[in-house]
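Peer 1: Next come the chains, spelled out residue by residue.
Number of protein chains: 2
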Amino acid sequence: MTEDPTPRQKERGRRSGGRAGNQSRAGHAAIDQMPWRIPVNPDRPTEPLDAEGVQALHRGAMHILSEIGIEFLNPEALAILKQAGCRVDGERVRMDEDFVMEMLSHAPDSFTITPRNPDREIVIGGRHMVFVNVSSPPNAWDLERGKRTGDFETFKEFMKLTQYFNCIHIAGGYPVEPVDIHPSVRHLDCLYEKLTLTDKVVHAYSLGAERVEDVMEMTRLAAGLSHSEFEARPRMYTNINSVSPLKHDYPMLDGAMRLARRGQPVVVTPFTLAGAMAPVTMAGAVALSLAEGLAAIALLQYIKPGCPVAIGTFTSNVDMKSGAPAFGTPEYMRATQMTGQMARFYKLPLRSSGVCAANIPDGQAMWETSNSLWAAVQSGTNMVYHAAGWLEGGLIASPEKFVMDCEILQMIQRYFEEATFATTPEDIALDAIREVGPGGHYFGCQHTQDRYQTAFYSPFVSDWRNYEAWAADGGVWTPERAHRIYKQILAEFTPPLINEDHREDLYRFTAKRKQEGGAPTDF
Amino acid sequence: MTEDPTPRQKERGRRSGGRAGNQSRAGHAAIDQMPWRIPVNPDRPTEPLDAEGVQALHRGAMHILSEIGIEFLNPEALAILKQAGCRVDGERVRMDEDFVMEMLSHAPDSFTITPRNPDREIVIGGRHMVFVNVSSPPNAWDLERGKRTGDFETFKEFMKLTQYFNCIHIAGGYPVEPVDIHPSVRHLDCLYEKLTLTDKVVHAYSLGAERVEDVMEMTRLAAGLSHSEFEARPRMYTNINSVSPLKHDYPMLDGAMRLARRGQPVVVTPFTLAGAMAPVTMAGAVALSLAEGLAAIALLQYIKPGCPVAIGTFTSNVDMKSGAPAFGTPEYMRATQMTGQMARFYKLPLRSSGVCAANIPDGQAMWETSNSLWAAVQSGTNMVYHAAGWLEGGLIASPEKFVMDCEILQMIQRYFEEATFATTPEDIALDAIREVGPGGHYFGCQHTQDRYQTAFYSPFVSDWRNYEAWAADGGVWTPERAHRIYKQILAEFTPPLINEDHREDLYRFTAKRKQEGGAPTDF
Numbered sequence: 001m002t003e004d005p006t007p008r009q010k011e012r013g014r015r016s017g018g019r020a021g022n023q024s025r026a027g028h029a030a031i032d033q034m035p036w037r038i039p040v041n042p043d044r045p046t047e048p049l050d051a052e053g054v055q056a057l058h059r060g061a062m063h064i065l066s067e068i069g070i071e072f073l074n075p076e077a078l079a080i081l082k083q084a085g086c087r088v089d090g091e092r093v094r095m096d097e098d099f100v101m102e103m104l105s106h107a108p109d110s111f112t113i114t115p116r117n118p119d120r121e122i123v124i125g126g127r128h129m130v131f132v133n134v135s136s137p138p139n140a141w142d143l144e145r146g147k148r149t150g151d152f153e154t155f156k157e158f159m160k161l162t163q164y165f166n167c168i169h170i171a172g173g174y175p176v177e178p179v180d181i182h183p184s185v186r187h188l189d190c191l192y193e194k195l196t197l198t199d200k201v202v203h204a205y206s207l208g209a210e211r212v213e214d215v216m217e218m219t220r221l222a223a224g225l226s227h228s229e230f231e232a233r234p235r236m237y238t239n240i241n242s243v244s245p246l247k248h249d250y251p252m253l254d255g256a257m258r259l260a261r262r263g264q265p266v267v268v269t270p271f272t273l274a275g276a277m278a279p280v281t282m283a284g285a286v287a288l289s290l291a292e293g294l295a296a297i298a299l300l301q302y303i304k305p306g307c308p309v310a311i312g313t314f315t316s317n318v319d320m321k322s323g324a325p326a327f328g329t330p331e332y333m334r335a336t337q338m339t340g341q342m343a344r345f346y347k348l349p350l351r352s353s354g355v356c357a358a359n360i361p362d363g364q365a366m367w368e369t370s371n372s373l374w375a376a377v378q379s380g381t382n383m384v385y386h387a388a389g390w391l392e393g394g395l396i397a398s399p400e401k402f403v404m405d406c407e408i409l410q411m412i413q414r415y416f417e418e419a420t421f422a423t424t425p426e427d428i429a430l431d432a433i434r435e436v437g438p439g440g441h442y443f444g445c446q447h448t449q450d451r452y453q454t455a456f457y458s459p460f461v462s463d464w465r466n467y468e469a470w471a472a473d474g475g476v477w478t479p480e481r482a483h484r485i486y487k488q489i490l491a492e493f494t495p496p497l498i499n500e501d502h503r504e505d506l507y508r509f510t511a512k513r514k515q516e517g518g519a520p521t522d523f
Numbered sequence: 001m002t003e004d005p006t007p008r009q010k011e012r013g014r015r016s017g018g019r020a021g022n023q024s025r026a027g028h029a030a031i032d033q034m035p036w037r038i039p040v041n042p043d044r045p046t047e048p049l050d051a052e053g054v055q056a057l058h059r060g061a062m063h064i065l066s067e068i069g070i071e072f073l074n075p076e077a078l079a080i081l082k083q084a085g086c087r088v089d090g091e092r093v094r095m096d097e098d099f100v101m102e103m104l105s106h107a108p109d110s111f112t113i114t115p116r117n118p119d120r121e122i123v124i125g126g127r128h129m130v131f132v133n134v135s136s137p138p139n140a141w142d143l144e145r146g147k148r149t150g151d152f153e154t155f156k157e158f159m160k161l162t163q164y165f166n167c168i169h170i171a172g173g174y175p176v177e178p179v180d181i182h183p184s185v186r187h188l189d190c191l192y193e194k195l196t197l198t199d200k201v202v203h204a205y206s207l208g209a210e211r212v213e214d215v216m217e218m219t220r221l222a223a224g225l226s227h228s229e230f231e232a233r234p235r236m237y238t239n240i241n242s243v244s245p246l247k248h249d250y251p252m253l254d255g256a257m258r259l260a261r262r263g264q265p266v267v268v269t270p271f272t273l274a275g276a277m278a279p280v281t282m283a284g285a286v287a288l289s290l291a292e293g294l295a296a297i298a299l300l301q302y303i304k305p306g307c308p309v310a311i312g313t314f315t316s317n318v319d320m321k322s323g324a325p326a327f328g329t330p331e332y333m334r335a336t337q338m339t340g341q342m343a344r345f346y347k348l349p350l351r352s353s354g355v356c357a358a359n360i361p362d363g364q365a366m367w368e369t370s371n372s373l374w375a376a377v378q379s380g381t382n383m384v385y386h387a388a389g390w391l392e393g394g395l396i397a398s399p400e401k402f403v404m405d406c407e408i409l410q411m412i413q414r415y416f417e418e419a420t421f422a423t424t425p426e427d428i429a430l431d432a433i434r435e436v437g438p439g440g441h442y443f444g445c446q447h448t449q450d451r452y453q454t455a456f457y458s459p460f461v462s463d464w465r466n467y468e469a470w471a472a473d474g475g476v477w478t479p480e481r482a483h484r485i486y487k488q489i490l491a492e493f494t495p496p497l498i499n500e501d502h503r504e505d506l507y508r509f510t511a512k513r514k515q516e517g518g519a520p521t522d523f
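As you go down the protein sequences, you meet chains A and B in turn.
Using the UniProt record's numbering, read the first sequence as starting at 1 and increasing by one per residue.
Using the UniProt record's numbering, read the second sequence as starting at 1 and increasing by one per residue.
If you are wondering where the hints come from, they were derived from the structure by calculation, not from laboratory data.
Wrong hints could be hidden among the right ones.
Copies of one chain are not kept apart here, so a pair can be met inside one copy or by any two copies together.
As the list claims (entries may be wrong) - With a cut-off of at most 30 Å between alpha-carbon atoms, the simulated DSSO-like pairs for lysine-lysine come out as follows:
no., residue 1, residue 2
1, 347, 147
2, 82, 514
3, 321, 160
4, 147, 160
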């Protein structure tokens, strides 16, 4: 697998091309799911901070940036920031509020990303909210096989789930790390699969110049774009994390600068775990996170004013008994909401996550995930990472959890629909109320008949039957139902259309770069 | 069991009295839980309706009340409403907006209820939010015994859980219906247990004059109050449901009027299932629910101006494929939020619920319950019925679910604490950030040491260990962990203190009323 795309892969690629005229293949039967859409969040965000609180967090972040400083472990970045007038002391950079705010004024508050299938274009910003698959767990877990190290076959399974579900908008990082592929060529194999198994927006890990350049080139080739077409608008993105507290490392900065220069979006997401890499107080952890995020964004806006960026939050807390990270906690929810307020203050799109500490897809997993997903809604998050499939604080990707999470994501999409709270005369339905009268029922009336097929959210993994009907049908608990759906999705999966010339170009580039040895692995 | 309290019960009552001086018994060891408190919700509610939408729902409800009318299947209520100037046509009553709004102007926007232990006094209204145990399922389910019909022993188990958890503020209806006790005396046995196994606010079912009067008398006796002391302030409450659409039945109205006359609170909760007993459109179902609720509240305010009342929402939707009721859906959430806006418009306290359609305490149960509990938070709900223990659309009470739900309730209580979003200089912690610097860690710094014990929510059923530690300890899923906690709580349960004279009075009254045959069962 590490040498070049396998015969099966090549074969599938050709089959895809051969079916290029077949437009009916979108019909999936495993479940009856919602159509693709970019959800728009109509709710006023939940705002725990008053105006004074917003100012206090802003002043805190600015104090960190101007007085304490952030380390940039990248000589190029240091040189640029020095030229920009920042105070550079070794690797420590201090930047004043005026500079930071001027740089932020260049950043767009909203941008699009257009993948090889333009119908899958997404919007990051405003009231839009898009969902990203689980990214980066080293392990997988499912009901049949238990926990095991990530591999390429499992990676591909998750890519198929990512493509299948219309409520997943972005094929983010690797859903599991395929450790059976050598790190030097892993990005080549993974991106080839990602770009052919899905037609959604893809992501590049900022793990060295070669990887970043390869992924940009592969994204360009898969879409059949010229270099200038590629750079004319966002086509893919990267997400970088700071090394909290107060550090940005070499490869993350390098990748971010490479993308920014070519007009590709960068999401900057500090990972500030209160009590470990950040203050034990939530506002302190948020202030630290903001300072780290804004520092990198200021650098990128200086390099390429107006380049698309988003600020991420990954502020949670540890379990003070064990030091273990906790997710979906009350503190996590408030940190996400506070960061949302600050993102709007800085006019930046916001990324947060769908996360939990649970090890298996049980009740705990779902209350923690519900907490984090509703915090995403309440915070006005624009991009929800790990929205489906995450377990064990990000150490496990689970297909059952993926399927279960997609039920929640669909419910959020339905929750956003105006039909759930519209108050037109037809909605208030006085004529139907008069017609049915006291003690009657609404099943048969025309008002119901006209609407019953689309009136309510229709679930695909939830079982709404009564206990006896459920028990007579085997008494299957949710994870097992999700397991069956996941298997069925894989069994019937057909890859999306791809232009055969583009696929050939992509294949040749992948093979060539693998032959060359891929990327150095001494990072 | 149906003849009189059993020897074991009498014995326990005496033991309780004998320990009256023991103040240390509050220390429970099964779990480390939060102390008793009345949570205060600091969030601005989520408001899907704009001002026009609020007016549209108000006009809709008023039109239903004045033009379509509501049936009151109670001659006394009909006579009173006729006297009040309403248009009464047979059992159909039409009331004008002026009358309704004048009656609503008498209703308090907030009130207290004081049970026999005054430390357990609760507030219903304002930003306060209290949690009620699961009420009224006919069946119980647990991991060991599966689904079975409710009985008195199981009723007592749930009463112990209700008392044990500090996050449960009210011992509401029967957590399971004890069908092994004859309906004529069931309320006597149940209330004796409720009033001795708990010291929290209790509820009376409005199921006939005798039951209501018995429960008021038992509540009075258990607290050692004179009749005038009992009536001087709310001591217990009832919850009535309309028979949607557009009907209030005899016993519910009778009980409500009896309580109102004695200054005891009445919660009016229509059960409007969109597509079945209510329009298929959510705003229509909410308008119908509001009209039914306001009709009963207007009656009570005419009878006793200023009597404490609350409006409830139980608006959800059916599964249009099967007709089965669904709970915790996106539509349920919006209906709850809309009713919250209208409750504030009418200046009435709001009741909603913690509900799900799931049959067992799995992932589906928890995402549906999370949806309904967060909708309660977002709607500004003051009283959350069924907040712990509900399954199968209310047909099952489960102790595992009870324990799991209490984890969410505690997280909501923590989420409300200002510490999670405070922005004082100590919270923003610039000194700690400077001290730790880039690449350091916060575990050891003084700022953390001063706060780590109370910095974060501490769970009791969630397992935050990593997969390997969790697996090495048996790999126990959440329902099984909850089952063990429930068993441990029962094993170590000690009833709350009760004044022995009051308990004797209560016991004698209960025995006498049972000897008299209790209440008629021809309702």
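Peer 1: Each of the hints needs a verdict: does it hold here or not?
Peer 2: Structure-based check of all given hints:
1. Proximity of residue 347 and residue 147 under a CA criterion of 30 Å is satisfied in neither setting, with 41 Å inside one chain copy and 54 Å between copies.
2. With identical chains, the CA atoms of residue 82 and residue 514 are never at most 30 Å apart, being 38 Å at best within one copy and 88 Å at best between copies.
3. For the homomeric pair residue 321 and residue 160, the shortest alpha-carbon distance between copies (29 Å) is at most 30 Å, but the shortest distance inside one copy (39 Å) is not.
4. In this homomeric assembly, residue 147 and residue 160 come within 30 Å of each other (Cα to Cα) only inside a single copy, at 20 Å, whereas the closest approach across copies is 38 Å.
Comparing the model with each numbered hint stated earlier shows that hints 1, 2 do not hold.
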